[in-house]
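Colleague: Working from the sequences, and respecting the hints, build out all of it.
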Amino acid sequence: MPAMTERAEAIAVRDLRKRFGALEVLKGISLTAHEGDVIAIIGGSGSGKSTFLRCINMLETPSSGSVAIRGEAIALKGDGHGGLAPSNRRQVQRLRARLGMVFQSFNLWQHMTILQNVIEAPVHVLGVPRAEAMERGEALLRRVGLFEKRDVYPSFLSGGQQQRAAIARALAVQPHAMLFDEPTSALDPELVGEVLGVIGDLAKEKRTMILVTHEMKFARNVASHIVFLAQGVIEEQGPPEQIFGDPRSERLKKFISSVH
Amino acid sequence: MRAQERSREAASLVELPPEETTVDAMALTHLPSARGFLKPHRIVLMAIAGGLVFCAIWFLRWDWLPQYAGALAWGVGVSLLMLASTSILGFAFAVPIGLVQVTGPWPLKALAQGFCTIIRGTPLLLQLWLLYYGLGSLFPQFPAIRQSFLWPYLREAWPYGVAALTFSFAAYEGEVMRGAFAGVPRGELEAARAFGMSRWKLFWRIWLPRAVHRALPTLNGETVLQLKSTPLVATITVIDVYAVVSKIRQVTYLTYEPLLLLALIYLLLTALLVVAFRYFENKIPTRSV
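So the sequence lines, in the order shown, correspond to chains A and B.
Per this note's numbering, residue 1 is the first one in the first sequence, and the count goes up by one each step.
Per this note's numbering, residue 261 is the first one in the second sequence, and the count goes up by one each step.
Hints are computed from structural coordinates only; laboratory data are not their basis.
Positions of the beta carbon are idealized from the N, C-alpha and C atoms, including for glycine.
One thing to keep in mind: the hints can contain errors.
[Stated by the list, open to error] Partial list, derived from the structure: chain A residues whose beta carbon lies under 10 Å from chain B:
hint, residue
1, 58
2, 95
3, 96
4, 106
5, 109
6, 126
[Stated by the list, open to error] With a Cα cut of at most 30 Å, we get these calculated DSS-like pairs of lysine-lysine:
hint, chain 1, residue 1, chain 2, residue 2
7, A, 27, A, 253
8, A, 206, A, 253
9, B, 488, A, 77
10, B, 543, B, 461
11, B, 461, B, 369
12, B, 543, A, 149
13, A, 149, B, 461
14, A, 27, A, 254
15, A, 204, A, 149
16, A, 77, B, 461
17, A, 77, A, 27
18, B, 543, B, 488
Modeller: Structure below.
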C-alpha cells in the first residue's frame, strides 16, 4: 500500500464485518484507498468480495465497522437486529451519488435511451443543468465508443456495449471513486476485451477505483494494489508483482495456480 | 432521423411472418399490417363482410338516424367520459394498491389484497347496484348528508357509476401493477440507489415508469374491457350511448339497426384505444429475447 505518499484518503474501511444470519461473510476487513489508487480485489467465489464492495456505498449494510468517504464517516446506528443501518439517509445518498458504481449485470435502466441513462443521475440527483449534462454525457459516450448509439435503448445493445454505457453512466457523476463489481463476469468471452480496455484507460488516468474481478491478468496489469480475500478476511495484499510473483500464503498460491 | 428509426421499428413490429399474423389477428389488441390484408382468404372474408355491410345499409331502415344523431353523440361523450375518468382514477388507485402489495407493511398489504379479492370476486353489476340502490337510498336518511354541499351530486346517478367502475378498474389494475412492480429487475432499482436517488425519486424516475411500460400491453386490454363495462351504468339511469340506443329501440320499434350501430360505435372506440396504446408502447421499443 502506498503509505509513504501524502495523497488524501478516498475510501477508508475499518474492521468491517457482515453477517447474514449465522453466516459471517466478512470477518473484520480494513482497507484504505488513497486518491489515484487502483485496488483490485481478488479471491474465490464466496470469499465476500462483492459483499465488501457493496458495503462501501451501503447497498449492503455492515454488521459492524465503519466506512469513510473522503474523510467523512458514514453515520451508522444499530438497526435493532444486531446489525447497523445508516442513521442519515441524506448523507448516504449524497456520498453514493459521487461513487460511480458499475455492476456485473450492467443494470442500465431499460426504459431510457443510453444517453438518458447517462444523464439521469447528474440531472436528477446532482442537479446539473440538462444541457450541460447532455454535452458531457455525449462526450463520455464518444469516449467509450457509443456516441452513435446514444438514442438507442439498452436492450438493443450487446453486453459489452451495455457495460461500456454503464461505465459512461458511472463517469457522468464525476465520481470521487469508482466501484466495479465483477464488470466482465456476465460477458461473452469475446466482449470482455472492449470493457477491460475502457477500464484500463481509466486506471491510467489515475482515477481512484476499487475493482472486484476474476481477470487476473488484467488485475496484474492495471492495479496499483491487489487484495486477496479468502473466507471473509484479507489473506494477503500488496503490489501486483509481489502478489502474483511471490505469493506467501498457501491459499493465495493455490488460488493463483488454480486460475492460471 | 429519430422519427424515421422509430417508424421503421414500429413497422417491423407489425410485420410478422404469415403464420404469426394469422394467430395474432385473433387477439383484439393486435393490429394487422397493410400487407396482411392481401391474403386470398382475407380477401374472400372481406368481400363477404363488405356484402353484409352493403346489405345492412341498403335493406335496413336508417331514416331515424339524423333525428337521434345529437343524442347518440352525447351518449358517446358520456361513455367516453365514464371510461376516461374511471380509468384514470382507477389507475391512480391501482398504483398504490400494487405497490403496497410488493413493498408495503403488512396491514396495508392485507388491506390491498382484501380489496382486490372482494372487488374481483363479485360481479361489477352487483357492486354497482349495491352502491346505487344500497348507499344511494341510505344517504337521504341522514340530514347531515342531505344538507352537505355534496348532496346535489349524491342525488345523481353518475357518481355511483363512476365509483363502481373506478373500484373495479383499481382492483384489476392493482393486481396488474403488483406484478409489474415485482417484475422490474432488482438490479435496476439497486443501480438507482447506488447513484444516490432517494426513495421518492427512485419510484418516480425508475420504478413506476418501468412498471407501467411493462404493464402497457395488459393495461391496453383491460382498458378495452373497461370500455365495455361502461354500459352497465345504463342500469342505474346514466344516459350513456347504450342507454340512448335502448331508448331509440323503444321509440322506433326497431330491433337490429340501433344494435348494429351500437356495435359499430364500440368497435370504433376499441380501435381508437388500441391505436393509442400501441403508440405509447412503441415509444419505448423493447427487443423480445
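Colleague: Does the nearest C-beta of chain B fall within a distance shorter than 10 Å of the C-beta of residue 126/A?
Modeller: holds (8 Å)
Colleague: Would the hint linking residue 27/A and residue 254/A be met if the CA-CA limit is 30 Å?
Modeller: Given that 30 Å is the threshold and the Cα spacing comes to 21 Å, the pair holds.
Colleague: Is residue 77/A close enough to residue 461/B, meaning Cα to Cα at most 30 Å?
Modeller: holds (24 Å)
Colleague: For a C-alpha distance cap of 30 Å, please report whether residue 149/A and residue 461/B respect it.
Modeller: holds (26 Å)
Colleague: Quick one, are residue 543/B and residue 488/B close enough, alpha carbons at most 30 Å?
Modeller: At roughly 27 Å apart (the allowed maximum being 30 Å), residue 488/B and residue 543/B satisfy the hint.
Colleague: Restraint: residue 106/A near chain B, CB-CB cut 10 Å. Satisfied or not?
Modeller: Status holds, d = 8 Å.
Colleague: Hold the hint about residue 109/A up to the distance rule: shortest CB distance to chain B must be less than 10 Å.
Modeller: This hint holds: residue 109/A lies near chain B, its Cβ roughly 6 Å from the closest one there, short of 10 Å.
Colleague: Is residue 461/B within 30 Å of residue 369/B, Cα to Cα?
Modeller: holds (22 Å)
Colleague: Close enough to count: is the Cβ of residue 58/A nearer than 10 Å to one in chain B?
Modeller: Because about 9 Å separates residue 58/A from the closest Cβ in chain B, which is inside the 10 Å limit, the hint holds.
Colleague: Would the stated hint for residue 95/A survive a check requiring a Cβ distance to chain B of less than 10 Å?
Modeller: Holds - the Cβ of residue 95/A comes within 10 Å of chain B, reaching about 8 Å at its closest.
Colleague: Take the C-alpha atoms of residue 488/B and residue 77/A, compute the straight-line distance between them, and say whether it is at most 30 Å.
Modeller: The given pair, whose Cα atoms are some 55 Å apart, is violated under the 30 Å limit.
Colleague: Given the proposed pairing of residue 77/A with residue 27/A, does the C-alpha separation stay at or below 30 Å?
Modeller: holds (19 Å)
In this structure, the one hint that does not hold is number 9.
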